[in-house]
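Protein chains in written order, with our numbering: chain G, 1 to 236; chain F, 237 to 516.
Be careful, since some hints might not be right.
[Unchecked claim] Label-pair ranges, simulated between beta-carbon atoms: (1) G:Leu94 <-> F:Ser495: 35 to 43 Å; (2) F:Gln482 <-> G:Arg59: 53 to 61 Å; (3) G:Thr68 <-> F:Ser495: 41 to 49 Å; (4) G:Glu132 <-> F:Ala307: 54 to 62 Å; (5) F:Gly376 <-> G:Thr68: 46 to 54 Å; (6) F:Thr242 <-> G:Tyr130: 16 to 24 Å; (7) G:Val62 <-> F:Ala307: 30 to 38 Å; (8) G:Leu91 <-> F:Gly335: 50 to 58 Å; (9) G:Val62 <-> F:Glu329: 50 to 58 Å.
[Unchecked claim] Stretch by stretch, here's where chain G covers chain F in the computed footprint (C-beta under 8 Å, at least three residues): (10) 270-284; (11) 420-433.
Read the hints as simulated data drawn from the structure, not as lab findings. Quick reminder that beta carbons are idealized off the backbone N, C-alpha and C, glycines included.
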Amino acid sequence: METFVTAFAEAGALLISFDPDFMSIVGLSVRVSLSAVAIACLIGFPLGAIVALKRFPGRGFVILLLNTFMGLPPVVVGLIVFLILSRAGPLGVLGLLFTPTAMIIAQTILVTPIVAALTRQVVADLWVEYGEHLRSLDAGPITTLATLITDARYSLATVVLAGFGRAIAEVGAVMIVGGNIDHVTRVMTSAIALETSKGNLSTALGLGIVLLFLALTVNAAVQIINTSAGKRAALA
Amino acid sequence: MVARLTRMVRAALMLIALLLPGLAQASDDERALLLGTTTSVDNSGLLGPLLDAFHDETGIKVRTVVRGTGAILQLGRSGDFDVVLVHHPEAEEAFVADGYGIARLPVMTSRFLIVGPADDPANIRSAPDAARALARIADGPFDFISRGDESGTNAAERNLWRRAGLSPWDARGGWYRETGSGMGATLNMASVLSAYTFTESGSWTNFANRGDLTLLFEGGPHLANPYTIIPINPERHPHIAARAAQRLVDWLTGPVGQSFIADFRVDGAPPFVPVAASGR
């Protein structure tokens with residue numbers, strides 16, 4: 001019980017202090033995960049929409065793959081990216097192992113299937129609603145895709161959040177490919193793992209509370225944007 | 237509609253563009269020297285101030301990646317480090333003999349310790365030597381938590397069991413449990429289960445979650461824990477920052493680095509003895 005009380009005190013102290021070391025860890029966490037999610041959306045939105053709308057051979061298999069990869073274990077992704085980026089691996093010459101870039105690559109691989117699979121679901125549902133209408137307008141494929149994705153933007157915001165939540169909370173991949181180097185690749189989750197290994201349980205839990213607080217802030221922000229945008233849309 | 241989609245894509249691209257400069261800056265720093273070392277050295281808290289002092293003197297930034305010695309040497313073989321600081325003499329010799337490292341240079345020693353529940357049911361406090369202390373734990377048998385991760389500490393522990401004529405890892409699921417993880421995780425588990433475990437002074441002095449765990453046995457010739465630094469061979473891996481690595485090696489084994497290690501204290505006690513002082 002004492003650990004929990006101390007942990008809340010430490011979390012509070014960390015949040016108020018703006019300790020530069022701590023802020024750089026939070027900053028890197030957010031930067032790495034946001035970059036990964038942004039790249040994952042660039043790939044996942046169109047990919048999901050295409051799978052939802054196009055009929056092609058092997059489509060069922062692609063959907064099965066996307067849904068399965070939503071549950072990719074971060075350590076496995078970390079291990080694969082590690083083997084590719086290690087000096088002994090095919091892309092070793094790039095020297096990317098133990099860099100934030102490597103962490104972004106790993107998290108992008110983790111998040112893209114989530115974004116693509118959820119986008120497919122959202123767009124497929126919308127197609128049931130608008131498909132007839134769009135077909136009657138004789139809309140081309142680009143217009144159709146654009147219409148559906150923009151119409152789905154509030155649902156897609158939730159998709160982005162799901163991806164971001166996955167990225168910011170995982171430790172398995174960033175630990176392996178980032179190496180948890182102080183000031184370079186140390187993020188919230190790997191710092192928590194490190195403090196736990198030192199037996200500083202209340203500090204570790206304090207960091208965990210801050211991580212939750214961060215997730216809460218991001219979710220609240222998106223919810224507020226969605227609600228106000230929804231109101232505006234209703235008025236227009 | 238198409239315009240709105242274009243706007244969304246542009247927003248995503250702008251977000252990436254906004255985030256990447258910070259990363260580009262990081263990748264410039266990434267050319268710093270990459271040191272692979274063990275949890276035991278890192279947990280002691282020595283590396284931070286030591287490498288800061290090295291940086292102040294030479295301007296060379298050192299990044300450290302922390303794993304067990306087995307994993308560090310494996311990464312060293314792939315050429316993922318410029319230099320490694322490890323503690324597993326047999327594996328280090330093979331590493332250098334195979335041409336992956338240039339040479340083994342002794343830096344410092346710490347002490348292996350046996351810790352366990354304060355009431356010491358196996359009575360290892362009074363054991364004449366470390367091997368017989370382990371034999372008493374096996375006699376009980378009382379719970380023993382092992383790293384089981386091919387780290388330097390794990391290798392030293394296994395050597396000691398062999399010295400006692402025992403191989404408890406063959407009998408699985410009993411009193412001998414392998415965590416397969418780092419020193420901290422293993423100490424946490426021993427603390428919760430009130431079990432015995434094998435650790436070393438650097439990790440132990442800084443470990444904050446001891447609970448009922450107490451230092452029960454230390455000392456004797458088989459509990460010395462020597463660390464060596466090995467620069468990776470640039471003939472194997474031409475991309476290695478060989479000159480910077482050599483400067484770190486020279487500095488650590490030279491008078492400044494050695495006296496820094498000698499003066500380093502955790503709770504008033506020195507966890508490491510520099511080789512210069514041990515007269516080797």
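These are the hints, each one checked on the structure:
Checking the proposed 35 to 43 Å range against Leu94 (chain G) and Ser495 (chain F) shows it holds: the Cβ atoms sit about 40 Å from each other. Between Gln482 (chain F) and Arg59 (chain G) the beta carbons are some 58 Å apart, a value that agrees with the proposed interval 53 to 61 Å. Roughly 58 Å separates the CB atoms of Thr68 (chain G) and Ser495 (chain F), a value that falls outside the hinted 41 to 49 Å. Between Glu132 (chain G) and Ala307 (chain F) the CB atoms are about 59 Å apart, so this pair conforms to the stated range of 54 to 62 Å.
As the Cβ distance of Gly376 (chain F) to Thr68 (chain G) is approximately 48 Å, the hint placing it in 46 to 54 Å holds. With their beta carbons about 20 Å apart, Thr242 (chain F) and Tyr130 (chain G) fall inside the hinted range of 16 to 24 Å. Separated by about 37 Å at the C-beta atoms, Val62 (chain G) and Ala307 (chain F) satisfy the suggested range of 30 to 38 Å. Taking the beta carbon of each, Leu91 (chain G) and Gly335 (chain F) are about 24 Å apart, not inside 50 to 58 Å as hinted.
For Val62 (chain G) and Glu329 (chain F), the Cβ-Cβ distance of about 52 Å falls inside the hinted range of 50 to 58 Å, so the restraint holds. Figure legend: the stretch 270-284 of chain F, annotated as covered by chain G; annotation consistent (4 residues with Cβ-Cβ distances under 8 Å, at least 3 required). Requiring three or more residues with a Cβ within less than 8 Å of a Cβ of chain G, the coverage given for the stretch 420-433 of chain F holds, as 5 such residues are present.
Hint compliance for this structure: hints 3 and 8 are not met, and every other hint is.
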